[in-house]
Amino acid sequence: MSTSYLVRNARVLGGAPTDLLLRDGVVAAVGSDLAADGAEVVDADGLVALPGLVDLHTHLREPGREDAETVETGTRAAAMGGFTAVHAMANTDPVADTAGVVEQVWRLGREAGHCDVFPVGAVTVGLLGERLAELGAMADSAARVRVFSDDGKCVSDAVLMRRALEYVKAFDGVVAQHAQDPRLTEEAQMNEGELSGRLGLRGWPAVAEEAIIARDCLLAAHVESRLHVCHVSTAGSVEIVRWAKSKGWNVTAEVCPHHLLLTDALAATYDPIYKVNPPLRAAADVEALRTGLADGTIDAVATDHAPHPHEDKDCEWQAAAFGMLGLETALSIVQETMVDTGLVDWAGVAQRMSYRPAQIGRLADHGRPVAQGEPANVVLYDPAVSRVIDATETASLSRNTPYAGRTLPGQVVATFLRGRPTVLDGKLT
Amino acid sequence: MKRHLLSAADLTRSDAELILETAEELRSLADRPIKKLPALRGRTIVNLFFEDSTRTRISFEAAAKRLSADVINFSAKGSSVSKGESLKDTALTLEAMGADAVVIRHWASGAPHLLANSGWVRSSVVNAGDGTHEHPTQALLDAFTLKRHLGSLDGRRVVIVGDVLHSRVARSNSLLLQTLGAEVTLVAPPTLLPVGVDGWGVERSYDIDSVLPKADAVMMLRVQRERMNLKGGGFFPSAREYSRRYGMDARRMSVLQDHTVVMHPGPMIRGMEISADVADSDRSVIVEQVTNGVAVRMAVLYLLLSGNESELGRTTSAATDATSAEAAAGGDA
Numbered sequence: 137m138s139t140s141y142l143v144r145n146a147r148v149l150g151g152a153p154t155d156l157l158l159r160d161g162v163v164a165a166v167g168s169d170l171a172a173d174g175a176e177v178v179d180a181d182g183l184v185a186l187p188g189l190v191d192l193h194t195h196l197r198e199p200g201r202e203d204a205e206t207v208e209t210g211t212r213a214a215a216m217g218g219f220t221a222v223h224a225m226a227n228t229d230p231v232a233d234t235a236g237v238v239e240q241v242w243r244l245g246r247e248a249g250h251c252d253v254f255p256v257g258a259v260t261v262g263l264l265g266e267r268l269a270e271l272g273a274m275a276d277s278a279a280r281v282r283v284f285s286d287d288g289k290c291v292s293d294a295v296l297m298r299r300a301l302e303y304v305k306a307f308d309g310v311v312a313q314h315a316q317d318p319r320l321t322e323e324a325q326m327n328e329g330e331l332s333g334r335l336g337l338r339g340w341p342a343v344a345e346e347a348i349i350a351r352d353c354l355l356a357a358h359v360e361s362r363l364h365v366c367h368v369s370t371a372g373s374v375e376i377v378r379w380a381k382s383k384g385w386n387v388t389a390e391v392c393p394h395h396l397l398l399t400d401a402l403a404a405t406y407d408p409i410y411k412v413n414p415p416l417r418a419a420a421d422v423e424a425l426r427t428g429l430a431d432g433t434i435d436a437v438a439t440d441h442a443p444h445p446h447e448d449k450d451c452e453w454q455a456a457a458f459g460m461l462g463l464e465t466a467l468s469i470v471q472e473t474m475v476d477t478g479l480v481d482w483a484g485v486a487q488r489m490s491y492r493p494a495q496i497g498r499l500a501d502h503g504r505p506v507a508q509g510e511p512a513n514v515v516l517y518d519p520a521v522s523r524v525i526d527a528t529e530t531a532s533l534s535r536n537t538p539y540a541g542r543t544l545p546g547q548v549v550a551t552f553l554r555g556r557p558t559v560l561d562g563k564l565t
Numbered sequence: 034m035k036r037h038l039l040s041a042a043d044l045t046r047s048d049a050e051l052i053l054e055t056a057e058e059l060r061s062l063a064d065r066p067i068k069k070l071p072a073l074r075g076r077t078i079v080n081l082f083f084e085d086s087t088r089t090r091i092s093f094e095a096a097a098k099r100l101s102a103d104v105i106n107f108s109a110k111g112s113s114v115s116k117g118e119s120l121k122d123t124a125l126t127l128e129a130m131g132a133d134a135v136v137i138r139h140w141a142s143g144a145p146h147l148l149a150n151s152g153w154v155r156s157s158v159v160n161a162g163d164g165t166h167e168h169p170t171q172a173l174l175d176a177f178t179l180k181r182h183l184g185s186l187d188g189r190r191v192v193i194v195g196d197v198l199h200s201r202v203a204r205s206n207s208l209l210l211q212t213l214g215a216e217v218t219l220v221a222p223p224t225l226l227p228v229g230v231d232g233w234g235v236e237r238s239y240d241i242d243s244v245l246p247k248a249d250a251v252m253m254l255r256v257q258r259e260r261m262n263l264k265g266g267g268f269f270p271s272a273r274e275y276s277r278r279y280g281m282d283a284r285r286m287s288v289l290q291d292h293t294v295v296m297h298p299g300p301m302i303r304g305m306e307i308s309a310d311v312a313d314s315d316r317s318v319i320v321e322q323v324t325n326g327v328a329v330r331m332a333v334l335y336l337l338l339s340g341n342e343s344e345l346g347r348t349t350s351a352a353t354d355a356t357s358a359e360a361a362a363g364g365d366a
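Chains as they are written, first to last, in the working numbering: chain A, 137 to 565; chain B, 34 to 366.
With the rest of the complex left out, here is chain A (with noise of 0.2 angstroms):
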């Protein structure tokens, strides 16, 4: 296989055609009529080139729940999402709550190769929201752990997350929230409001989700810490993260895919392929999430690609998983929800899905500009196809995509990993 590519006329962040030569795992050279030189050529006419996309909220499922996703399958659908770098969320079984455990992962992720994965840690030990985990053996392991979080659970005692964000200082950690007053959602099924009534599924109010933020906002400022707020799902989760930044306070916000698309309408079909964490909120709040990513409120998209085997989804909505996949289709959902509406161009695309992701995950080799010297990590994409989702073509173990039967814009063409494809004409290679 060849050890140097050239990318003839791909549009940089959307811009002019330019030629890019990936060598050495970097961009050796952009400029247009490179000569090939040995390189395989990449026809990437009509194509966008954007840095390797950044997650920073992926279940990978292992170890534990090999049955739904593995670091193997999860980060080959990564890569055909444009990913070249995901953070595996803590919640596995055993959780990765020690640096034996994000060491495991991370090393899975560098055996399996389709794209760099950055395990997080979880902050308590066990995810039981009772003491810290050894946050500084996570971060000085070999997988570097710089995220933390509880993800799936709340750190809902006060005094616990300000111990959290205080200690994280150290090693310039970030603890990531998933915001959600237990209390207030005890057996929750979907968006509390006039739906939830009407359907007999118990509501899912908003303020669970805001008090947390507006309480971990107030904390981050105590003890001058760094807080990042895991998929904000409602308009009022927007306007706390508005608040808070214009006070300057070290916070960041991340905002899924579906939560920019689908609305709690959809949960009338008692589908539970509709069912998530946080869940699916009114049309007004999708409005919010899409102007308050547009403006940067929201730093960044984040999936929150939740595989789930098929009978954890083949039943009763009650009796059902929570959690989508979202890996594979995040790019085409930021395009119909972002760029065709105007309200972010490439460029911008870049900042929420690669650059600030990066920063807030401290990653030095991703996130980075497609520019000469950088890694070599870029996503072909072309925004001038249309796909239709079919869930049984997944790259991720699971089916459990909210989009199938839907036509989605758009098609990742080629991921690089450090100047290696590791998807190429819109397959994994």
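Don't read these hints as lab results, they were simulated from the structure.
Accuracy of the hints is not assured; some may be wrong.
Stated by the list, open to error - Short, incomplete list of chain B residues facing chain A, as computed with Cβ under 7 angstroms:
hint, residue
1, L120
2, A144
3, G164
4, G229
5, G232
Said to hold, decoys possible - Chain B stretches covered by chain A per the calculated footprint, using a threshold of three residues with CB under 8 angstroms from any CB of chain A:
hint, stretch
6, 134-142
7, 165-178
On a predicted model such as this, the values are computed, not experimentally measured, just so you know.
Backbone N, C-alpha and C define an ideal beta-carbon position, used for all residues, glycine too.
Position chain B relative to chain A; hints supplied.
Structure of chain B alone, referenced to chain A:
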């Protein structure tokens, strides 16, 4: 009419009236010595109960048997999410047995919807109560009972009192009674009214005493204490306070209009939401609701499984002969 009865919202006014008229014809059977029609002979109806409910199950069973259907009772108990056979596998089993209709009671809201739309079964699905969602045949029997006492429901005021939040009966009645032209007022402490209830098209009140004088019917809901055991999540301070503020007792009964009836879907907790004086009074139609339940469920099963009312006219008149013959031949009654 649609092929399934999942929600009271599935019924147009003419659908609902057809069911109630059919039930009226069928109810006359209850007064005959032989209470059986051959209308659904050879058809199989499965009562699929994932939640205990003796009264609803036997009501459906009696309805199906009076139409000469074969009845299979399938009790898949265990309200825990984690244990037991999945709904899908249960459904596939029933399909393999050739059920023509599945009457389902389930602890999960939407389970009948899932069963009807999943492609697992081809049979008609009747919702016999799902979670805190709906119980459409209860609403039909309530409407039927009301019509017998009040005539047309157009402009009639029906007051529903109690745990609306957790009540599938309140949801189905709110929908159906409005379809039939009645005005519905929901009365409950604010903690027991769902968020968004103002979008249901009903009136709501926190004060029972202000709405009783104008009511044509008062429907008391059971206060489902078993659904209120979330720690620290008490919906009201005490049973006594609830009873004082929202219970139907002799004093409150005395302000009702002469024709006003008092209903309860059962099982009732005497002394909690309804006092014994009221439950046993002349205004109470609670026992009649049970009788009417069988007729209404017969009508629903009949219309879903065998089509139109003109056919029913023939079978009703032929009933005595046919069922006598079947009884003589050792039918399954």
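For each hint, the structure was consulted:
The restraint placing L120/B at the interface with chain A holds, with a minimum CB-CB distance near 6 angstroms, inside the 7 angstroms limit. The interface hint given for A144/B is met, as the beta carbon of that residue sits about 5 angstroms from the closest beta carbon of chain A, less than 7 angstroms. The criterion of a C-beta within 7 angstroms of any C-beta in chain A is met by G164/B, whose closest approach is roughly 5 angstroms, and the hint holds. A distance limit of 7 angstroms between C-beta atoms decides the matter here; for G229/B the minimum to chain A is near 3 angstroms, and the interface restraint holds.
Among the interface hints, the one on G232/B holds; its C-beta lies about 4 angstroms from the nearest C-beta in chain A, closer than the 7 angstroms criterion. With a cut-off of 8 angstroms between beta carbons, the stretch 134-142 of chain B has 4 residues touching chain A; three or more are needed, and the interface restraint holds. Check result for the stretch 165-178 of chain B against chain A: holds, 3 residues qualifying (beta carbon to beta carbon below 8 angstroms, three or more required).
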